[in-house]
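S.K.: Each chain is listed here by its residues.
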Amino acid sequence: AQKITQTQPGMFVQEKEAVTLDCTYDTSDQSYGLFWYKQPSSGEMIFLIYQGSYDEQNATEGRYSLNFQKARKSANLVISASQLGDSAMYFCAMRERLRNSGNTPLVFGKGTRLSVIA
Amino acid sequence: SQTIHQWPATLVQPVGSPLSLECTVEGTSNPNLYWYRQAAGRGLQLLFYSVGIGQISSEVPQNLSASRPQDRQFILSSKKLLLSDSGFYLCAWTTRPLNTEAFFGQGTRLTVV
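Chain order of the listed sequences is A and B.
Just add 7 to wherever you are in the first sequence, counting from 1, and you've got this note's numbering.
Just add 400 to wherever you are in the second sequence, counting from 1, and you've got this note's numbering.
Hints may be right or wrong, so weigh each one.
Claimed, not checked - These stretches of chain A come out as covered by chain B in the derived footprint (C-beta under 8 Å, 3 or more residues):
no.	region
1	34-42
2	51-60
3	111-124
Hint data in this document are derived by calculation from the structure and do not stem from the laboratory.
Every residue, glycine too, gets a C-beta built ideally from N, C-alpha and C.
Use the sequences and the hints to build the structure in full.
M.R.: Here you go:
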């Protein structure tokens, strides 16, 4: 079963507008971490933001914020004031805490391609 | 500071030839190491995961293997490449705590012809 689901293969947003990229996850663990990454056309993976399952506040990093709804198991990324340089693939990812040892590996969703229009 | 080196950046190999991609990490010890593959315009598929020297977890049965001969070295190999092995291969590392992000290499674009 898919651990991370990103249902939007592609999104368009007007420059300076806000956009929400959807991410839902599947876990039975209480302790887990959620990540968002940006991948420009160069292929590099750029870490954007992290949300822990026990964090009470939604994470924010500059123009990025994470709309964390634990009961719905969703962790949507909100980008405010979109810029042309935001055009890229965006990936949601998760790690879970194993009860007896360590953590699970980082697994990714299939991604959303965001295109910012001038 | 921590860095991750992955090479080569691009590779064109004939079907049936062997493969060896190397990844090394600097500035940290005992990292978790990962190999991912990304088909064109697609998501990241986890191939292998290692929590220590000689400890390899395979996520998807396939034509590839991985080894971790040293703490900060992770190698992806194949004895005979298939056309379907083409893709963008990314090495990454994390530390133990759950809240630490993964750091990625620059990737290797492999084309099997």
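S.K.: What hints, given by number in increasing order, does this structure fail?
M.R.: none
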